[in-house]
Amino acid sequence: MGIRRRAMLGVIALASISLPALSAHAEDVTITVWSLDRDIQPAPNLINDFNKLNTGIKVEYRQIQFDDVVSEAMRAYSTGQAPDIIAVDNPEHALFSSRGAFLDLTGMIAASSVVKPENYFPGPLASVTWEGKLYGIPKATNTIALYYNKDMFKAKGLDPEKPPQTWDELVDAARKLTDPAANVYGLAFSAKANEEGTFQFLPWAQMAGGGYDNINAEGVVKALDIWKTIIDEKLASPDSLTRGQWDSTGTFNSGNAAMAISGPWELDRMMQEAKFDWGVALLPVPEIGAERSSAMGDFNWAVFSSTKHPEEAFKVLEYFASQDERMFKDFGQLPARSDIAIPPTGEPLKDAALQVFLEQLKYAKPRGPHPQWPKISKAIQDAIQAALTGQMSSKDALDQAAEKIKGVLG
Amino acid sequence: MKKILSSVKDGTGFDIGLVLLPLVFLFVMSGLPLVYNVVMSFQEVDMFSLGSFARPFVGFKNYVDLFAQPETRPILFNTALFVSASIAGQFVIGFGLALFFWMNFPGASWLRGLFLVSWVMPGLVVGAIWNWILSGDFGVLNFFLRELGIIDGNIFWRSDPHYSLWAVVIANIWLGTSFNMILLSVGLSGIPKDLYEAAELDGATMLQRFFTITLPMMRSTIGAIVALGLIFTLQQFDLFAGITSGGPNNSSNVTQYWAWDLSFRQYDFAKGATISVLMIIFVMIASVVYVRSTRHEVRG
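Listed in order, the protein sequences are those of chains A and B. For the first sequence, the working numbering gives the first residue as 1, with consecutive numbering after it. For the second sequence, the working numbering gives the first residue as 411, with consecutive numbering after it.
This is chain A alone, in the form it adopts within the complex:
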């Protein structure tokens, strides 16, 4: 009994010490943030800096894995455990917005002196928009363009300062650059049966006047036919159908492909691996003067509608947005804003490439936005692969995809 009483006293003593301590902290509002950023990426660092400011808002961070973002988020939301703020991949944004899971920030953004919609690239901004309202703030952005090996261009008698401008020029150049004896393909890209395949094909469809809601337009059929030509003539490795962008571009870095379609996330690796002179060009268009388009990647910030502290959560987002100028310098990511100049890195190859990517970003279009995006995307992937493997004609494959997408769009 003696031990028990002493233990009880101990508990009471402890409680009396910690209670005032607790109440002192209770003034702080705690905001939880989930994102996939690792310790060298923006979220955890920005949160550390924010917490040092002692604004009365304490931010807690949790890192989640890329593959788990959506499933974790929806499980948390449906069981009432959702964080205040989350970073989601831009094609997933509409799914949450349309179901009321994300908070409508339109009013707060209109009143904000930090977050101004007009500063953002149109693509990222469209991805956080649902039915005319803003449900988030773009976190960063990226897109794809054409990398090409200038040394190989010279060796095959092509002008290294004149990369292909149109689809026909691209195929022509690829034909000239392909050299099976030396294990060199003209082009490397990804037609993989996942979101990467859609990410790479959709810009082609959009440049040709199509889109996910008009996937069997005449121009899209032509685009897919060109992809088929590239695969059939072995201007690109047949493994493009099962290889992601990172692995495909790897063959460019090792000198086994003369051109590659990929994004700015490759730049650092390329600077280290590629032992040749290279450049970046805008994605080729159907014909000179045609409308440009490009894919748009990366994540958006959003506030869950279940949050108890919307004002404070938005303040945290405002802080994040106010630090956008550091995005590239400190973390190597492109801010989704057109009003921020990217400072030179001192590496001419990289700086030149960045300018092209920034130009390309102006034409970047979001995938969707549509709450059923994964199903739409799957229909597009299936069509690409059915055509490229010769199981269906491009027209039939895209007609089938259009049929499936029509079912999804209702």
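The hints are simulated quantities; they were obtained by calculation from the structure and are not laboratory data. One or more of the hints may lead you astray.
Claimed, not checked - Selected chain B positions facing chain A (Cβ under 10 Å, derived; list incomplete): (1) Gln453; (2) Met457; (3) Phe458; (4) Thr482; (5) Gly506; (6) Asn541; (7) Asp547; (8) Phe548; (9) Ser569; (10) Ser574; (11) Pro658; (12) Asn663; (13) Arg675; (14) Asp678.
To be verified - Listed below are the simulated DMTMM-like cross-link pairs for lysine to aspartate or glutamate, each with C-alpha atoms no more than 25 Å apart in a straight line: (15) Lys329/A x Asp39/A; (16) Lys275/A x Asp456/B; (17) Lys329/A x Glu311/A; (18) Lys133/A x Glu607/B; (19) Lys228/A x Asp570/B; (20) Lys404/A x Asp456/B; (21) Lys176/A x Asp547/B; (22) Lys228/A x Glu481/B; (23) Lys228/A x Asp547/B; (24) Lys375/A x Glu557/B; (25) Lys375/A x Asp456/B; (26) Lys395/A x Asp425/B; (27) Lys234/A x Glu557/B; (28) Lys406/A x Glu557/B; (29) Lys471/B x Glu403/A; (30) Lys234/A x Asp547/B.
Glycine residues also receive a C-beta, built at the ideal position from the N, C-alpha and C atoms.
Using the hints, position chain B against chain A.
What follows is chain B alone, placed relative to chain A:
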């Protein structure tokens, strides 16, 4: 109440308790999810109703929709092909190796242990390694086949719809062979040696001994291996994720990968559950066949 208490004391109640405990455990841990899965296949489920049990009931709509999809039949066919080819390959090679090591030459048991390396490797690692081996341009397998003069041009194992399923089958045979070999080795060592001595005295040839003694004595082991092989092969997911992702154009897609894709990539949980139910039915039929085939077994 007294009766129950006394039954615990005299032992029978304790026995019942011992049986009940695992039964309850089994029901909670695997019975309930199974039932939940079946229920889900008759409901309309999306991400936001995933947390609640009360969802609109749609009857057989999920099943009807599923069979209306053009990819369903090819995927079911792929699954059957994948399972039978994998089991056959794993079993034949595993049996061959087991018989080989049964000869008990010096270092046999040590070598046999080495074969287990494949069994302890995580599936995703195996998938990544085979992904490189099977790569079309720079893959080791193509290099060997070319050097041996079997092929002229590279085979794009992962990306050619004629080969993609076989690419996964090859990797899966490699992965499962050692497990078959070990179980079959155990079965072989359980056969009394005097049977062979007697047969040899009667003048039975090696083939005759194999077909009249080894195979019949191994019946229950073989049955167990085929049944387990069926379950393991139907569970095989990592290799698909690692090598082909079910592509190109579903040519290497199988039900287990498709169920994952539908549930966690397209967020169509009801369809994912529907496919799982079909797989459960299939495994149940197979296990009934297995139980019947080994029921008349006489155990010595």
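Which numbered hints are broken by the structure, listed smallest first? Hints 1, 4, 5, 16, 17, 18, 24, 26, 28 not satisfied by this model.
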